[in-house]
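In order, the protein sequences belong to chains A and B. So in our numbering, the last spot in the first sequence is 591, and the numbers never skip. So in our numbering, the last spot in the second sequence is 1635, and the numbers never skip.
Check the hints yourself; a few may be wrong.
Among chain A residues calculated to face chain B with C-beta under 8 angstroms, some are [to be verified]:
1. D58
2. K60
3. K70
4. A187
5. F192
6. P193
7. P196
8. T463
Derived from the structure by calculation, the hints contain no laboratory data. All figures in this text were calculated on a predicted structure; none of them were measured in a lab. By construction, the Cβ of each residue, glycine as well, lies at the ideal position given by its N, Cα and C atoms.
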Amino acid sequence: MATIIINGEEHTLPEGEKLNAIQLALRVGVDIPYYCWHPALSVVANCRMCEIEVGSKDPKTGEIKMIPNKLVPACQTPAKDMTVLVTNSPKVKAHQRMVMEYLLINHPLDCPVCDQAGECGLQDYSYEYGQAIHRFVEERNVNPRKDVSDLIQLNQDRCIMCTRCVRFTREITQTGELQVMRRGSHAEIDIFPGHPVDNPLAGNVVDLCPVGALLDKDFLHKQRVWFLSKHDSLCTRCSTGCNVSAEENRGALWRFKPRFNPHVNDYWICDEGRASYKTANDLALLAAMYVRQDGDLRLVPIDQALNAAGRGLARAAESGGTIAGVMSPFLTVEEAYLMASYLKGLSPASVLALGPVPTRGEDLTIQPDQHKGRTGDTSFIVARPFTIRAEKCPNRRGVEAVLEHFQGEVIGFDDLLRRAKAGEFQALYIVSDAIDPWIGEAEARELRDKVEFLVMQDTQVTTLAELADVVLAGATFAEKAGCYVNADGRLQYAEAALPPRDGSLPDLDLLAILLGRGRGPVHSRDILAELAQMVPAFAVAEGGKIPAFGIVLEQPEPVGPGVPFADPWTQPRGLKGDRPGETSPKGSRNA
Amino acid sequence: MYWNHPSVPGQADDARSIVEELHEIQKRCGYLPKAELEALSERRRDTPLHRLHEVASFFPHFRLQKPPAVEVRVCRDMSCHLRGAPGLRRNLEELAAEIGQGQIWVGGVSCLGRCDGAPAIMIGEHVYQGKSNDSYRDLMRRALPLPGLEGEAALQPGHSDRSPLGWKIDPYGGREEYTAFRRFVAEPNGDKLIEELKIGDLRGMGGAGVWAHQKWNDVRQARGDRKFIVVNGDESEPGTFKDRELLLRTPHLVIEGVLLAGWLCGAERGYIYIRHEYEEQIEACRAAIARAEAMGLCGRDVLGTGQAFPIEVFVSPGGYICGEQSALIEAMEDHRAEPRNKPPQLETNGLYDKPTLLSNVETFAWVPSILLHGGAWYRDLGVNGAKGARFFSLSGDVNRPGVFEVPSGITLRELIDLAGGLRARQRLKAFAASGPSGGFLPARLPKRKLPEAFAARLAARERKHHEGGGPPPSETDYDILDLELDLQTMRDMGLMLGAGLVVYGQFADILDQAVNATEFFRNESCGKCVPCRLGSQKMTELGNDIRDQRYDEQSFLPVEGLMTELQRAMEMSSICGLGMVVGNPLITAIRSFRQDVGRYLRPGDVMTMPDADIFATSDMKLLTSDMKLLQERSR
Ligand code: SF4
Ligand code: SF4
Ligand code: FES
């Protein structure tokens, strides 16, 4: 147990963790403003925003001694037993105001056209810690902006030289493209001429930048951030399952931002994942349901399409034919569970297979070192690896677990294809929701010819859909809520970020209707609770509840206090003050 | 491990630092061409381009663009500024425009350490000092590579006098005897060495005044498999050039000091870090090291003990900030010379994260004589109650600016007399006691404002002096000429004392000098921390605004408040000493030289200029009272 005195109040904290004063203060609900510090990066203490009064208390005499005449950066002050922190004295406040003035001195104050506005560390803090009157009359910085890569633009005039971006490329990706050029008031962030930022995690420098200096060209001038509503989602681009915030406005996604998860993606996402939000906005997504009548696919209302599908599959079962179901690794575990229940319910002899598992390249692990390549004090860092998987789907393991339960084995897609071509199945029900094409045209035709009845449930218009008897429009990752099991066996929950497209229904609802569970929307949580009860592999999700950082199916770790981290300026407006322990799912941001 | 650092280079002498490689390329090509950097990165395999680039771009000395045929830089700072540098620069610029055909570039440069020959200039890589404007013009003409002329190569920088001048610091009269070290190796009694330093009360001569015995003992006791000794010969504080003379005239003492420190601490290597503008000093030290090696004093086998202790010169890429201890270490480690956050201290986590003893040139140089003559001998060199002796560089408005070895506690009056008095019989107007860092002291201080402890001692002394037949002391004013130049006395007054003293005669414009000094800090800020990077710029602009007559007497008042606040914030929150002192020149100028400020203010409705009073508010005390902080600086 360590006793820490913050602003006169004593707090006891469990020992063992290495925290700095910022982290410590956050734990007990005290905000210390900061810019340059980031929990994954070494401490350089150059912004001086976090400076506070620090001292220590003599445990015997109770006497408190403060370091005289000097403020100390909280980011490099270790939280030790008997540390005394004062964060709200007039001296500290005056200092914060002064640093705010410094930082704003040469800042262009072009907030109206700056993309960072609304989640800018400068705006945020100048409101909270600054002062209304600006006493320095100053030439504003107006340096040309430059591209540091194809995707990232640097507006040097807005940079506050916190060097977070530089440290990221050195300490995390270890590619080191960014550097500080020159010195003093001429210092600038730059690349070596002709060597742009080029690494698979490059986009994270944009998230790290506390101001609008580094900008995502993809997002540039598209949206004002305060119009965006943020949804706790997961990236489905690979089986790592990075936690992202999917940000929506007017029925479209505008970007992904990483959400902290120490077990999965730390604070980062990869560039490919970052760009993958776009698939949810595709205008060519399947926007209606169809039934084949007189040889042609006809657009029909949703209930008719579902009736047709249900009838066709039931007929096949009744006539003694075998039904095969293909469950793509893009399904949530809840969907997989309902689909398996449904088909096995129609006939215990139904064959269930795992859909095609897209893979590309090899797993790429970026392994930051605790010390190597770091620039400053590293004692508060917990270095964690980041892996981009070759497996380009979110839930192979989850679907497999469901399959194991229902039929004791996992039948692969190739296997199924072979058996289908051999004419083993009378009806085929494929649920895809995959992003990339996974079957060639000739093969699709061959498959079609070998089954009597084909139901295709998808988000895209594919050859198979064009050949199917019934086409059901399912949901993209953004339109569905549910859980995935990532490559490490961690069960994680993704919120829906978009409403269902016109003409579609979330797959879970489609399956529930087929199962005859009524017409109202089903909640993934209820299905997860059921799954946890029925399928032992998912027992950890009892009651449909999983912790904020997810939970490993086989070896559930003890659930920690769950302390998501985000820089304060990226918090949704109005939720900034939320504390861990309060009910709001967002806003807690301890590291 | 607390810090990550490049692994400690091996003993092999071929492992060259980035800085050395860059020096080499620049020497060969005149600048650092992109292709050369790319080739270097390729050659060094583990050194990516951005590492080369960030280091190269940090130091103004390294050029990333092809320079013009002739580069002429005129020193911008303190004494040179006072003694006509701006005029000389205009002069040379005009001449360049006239004859240069676009091949001559004339610009400014930070203090070259030739304040005694102000104004000093640099042509190409060579420094020239103490010439008339006409001779400088002539030099520049000769530097131009015109048909029939050889260009810059034709210039021969002067060869300075290297005789030892009978200094007390040199027990050998210039001979390289190394007796103290030989004795110490024969009888290595470390406790005694520390004890003598303690008795002698030897302090760091860089300005911070840390007791040498403490520092030496800390490193001696520090745990670590490898330790280093580093001599801080960066000497870039305007007005300071005493190490220049010590390195030139007594390199053997510096080397012996390093040897003693190395032997005491069990260090594996010693470095003498010298600013690159000190060409002759670098050469002198290298030669002296080579001779010491030949005598078996350093190198592979020290005096037949079988122990190795090599010493080498590290040529600084330059810049005031390199004088900050940890920034100097960063530069040696091939990083941008940005000060580290402390703790940890260098004594435990220095060069390559190993215990490192880093002191000023002069501190090392005093040690041999202290060992030979005893600590008490050194202590008793002081006068007026002060202990020891030291070197001052004195420049500005005096007849014979230069380096003086004097007893600690000597009065300013005596020192100025040594330098031949003020130029052209001027009266003393102001005195800078620590380059630009401590700001400007007025010639007279109101007695009632003097700090109590100091005032009491002063009264006692004046009484004695008067009883002994001296003139009656002034009731109201304290004459700054009576100031005893001793660290402790100055601290009692809440003032700083460095080794670079600049004297201003009655015609000096202190506001102009202060703006100039602030510009120096702005130019030399490393830019790591926000308060200093932006605050120094802001201070400069405020100063320039005054000089540009942007304020009247009324609108100036809030500006003064703002400056005070800015100064306080920088002092409280900057990482290193540079940021802490940026405000001193302007703040002291405004407090003590109201008339000089008033000259630039347009008349307003009210007359608001109160008396000179540097102790006016507690801010001034705050300015310098927390000496512990300033001790972090080595200059
Ligand atoms: S670009 Fe952004 S992250 Fe990089 S140093 Fe500037 S403000 Fe910091
Ligand atoms: S105070 Fe100035 S010189 Fe020192 S670290 Fe900060 S920016 Fe650099
Ligand atoms: S967050 Fe501590 S100095 Fe920047």
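Hint-by-hint comparison with the structure:
no.	hint	verdict
1	D58	20 angstroms, violated
2	K60	24 angstroms, violated
3	K70	6 angstroms, holds
4	A187	4 angstroms, holds
5	F192	4 angstroms, holds
6	P193	7 angstroms, holds
7	P196	12 angstroms, violated
8	T463	48 angstroms, violated
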